[in-house]
Amino acid sequence: MMSTRTSTLDPTVEGLAEVKQSPSKEAIDSFLVTLEVEDNPQCMSTLRRWVAVLVISSASLCVTCASSMAAFTEAGTSQTFHVSREVTVLGISLFVLGLGAGPLLVGPLSEMYGRNIIYRVSYFFFFIFTFPVAFAPNIGVFLFFRLLTGFCGAAFLSVAGGSVSDMFPDTTVANPMAVYTMSPFIGPVAGPLIAGFVVQNVYWRWVYWVMLCWIFAEIVLLFLFVPETYVPVILKKKAARLRKATGDSYYAPLDKVQGSLARSVMVSCYRPFQLLLFDRMVLLLDIWNALLLGILYLAFQAYPIIFQSVHHFNDQMTGLTFLGIGVGMFAGISTQPVWNKLVAREAVRCSGNPPPEARLIMGQLGAILVPISLFWLAFTTYPQVHWIAPIIASIPFGSGIYFVFTSTFTYLVTAYRPIAASAMASNSALRSTFAAVFPLFATAMYDRLGTVGATALLAGLTTIMAPLPFVFYRIGERLRMKSKFAVH
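Following the numbering used here, the numbering of the sequence shown begins with 335 at its first residue and continues without gaps.
Where hints are given, some of them may not hold.
[Unchecked claim] Restraint-style ranges between C-beta atoms, simulated for each label pair: (1) 676 - 379: 22 to 32 Å; (2) 664 - 385: 18 to 28 Å; (3) 801 - 465: 40 to 50 Å.
Just so you know, the hints here were simulated from the structure itself, not pulled from any lab data.
For each residue, glycine too, the CB sits at the ideal point set by N, CA and C.
The task is simple: from the sequences and hints, build the whole structure.
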């Protein structure tokens, strides 16, 4: 029989209409297809599940790496297309806007057709649309297809989290979710590192030619190693096989869903913003996440100012300076077993059912590390300070944003489980908006305030947001009881 977690198709999930049948009738209906052990994605071998997680995570890494690589092609595109450097910054901003808009469409599509087909189709078009970027004849074509490639890659920032939770029960989902959560944030750090080496030695278009090779390899891996994991779609396919084999009227819960795809997309578009408008916890946590991602993308403009203008680094050396953030992220994920033990201790204390707020403990440390790191970075950008100091200062920032994002994502998924995809879509939309806008004013802000003043201003903003995980850890349960969206 199906578990409660996977068998019930909640009519509120992603705008699907109500299932027009009574529970008692389902219970005695011999033609209703149920989940058997061999169908359950959580019963696949551990190796197969982890391989799927790693492939999905590497595909997500590739997408976000593509977003930041453009920062190091700005000089080349400016010279080739005869436009100002400010216009070329749109190569990052439009890509990230596409990442934010994509989940509004792929979310409901994945609920109707499954995760796997979304991965394959979206990544295929991600591959196809990267060709016009790599061979763009003018800036208009370049920017338009940067937007489209971002939109096509968005599935791995929204649907992929659902695949991870499909394959692992709540008791063991923390580690694979941590690996997946880290990949889209390592990507922006790896992008400048790769692009810096490429641009320093060959023509700027090689950055996108390298991306084409990487994307093609990911497509092959997705077809070979990532199975369908969305249970309602698995049951729907099983019912279709049984109908074909026996001629009987077997059906799955998804077959009885009434409503159109257009309605699902419409609900997918408004529900994330409904959450932002009417749920204070979602709004504040999303603003906090958006601010941090905005600062991370702003760094793609700020680091060249700090290290090229102040310390006279070349592109290759400037790309290497992002290693500090990357080291911090890897240091953060290495502590995951400690956080797992803390959550397990909370589970024991709460008779095996820890509240979602237990996930915010990790975010509390991140909330402290991020402003400390940014203040440290701000006051080590003076020319007389050795260049290694700001790189070391960025290590706690990498760890901090890993802790913040991991805790927030797992909290949103567990606290808003009936509409988890919408909760993540609202987070993704706001994060992407900030990440798209921040690079646009970065150069002007650093020119006006200087490296110390501008970075200290960002540190001050993160300090203002730092109390959030502490406050919600204490009163989150009370706020959930008042919310019409959260789990009670």
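Has the hinted range 22 to 32 Å been met by the Cβ atoms of residue 676 and residue 379?
Taking Cβ atoms as reference, residue 676 and residue 379 lie about 28 Å apart, which means the hint holds.
Is the distance from the Cβ of residue 664 to the Cβ of residue 385 consistent with 18 to 28 Å?
21 Å, holds
Determine whether the Cβ-Cβ distance between residue 801 and residue 465 falls within the hinted range of 40 to 50 Å.
47 Å, holds
Hint violations for this structure: none, all hints satisfied.
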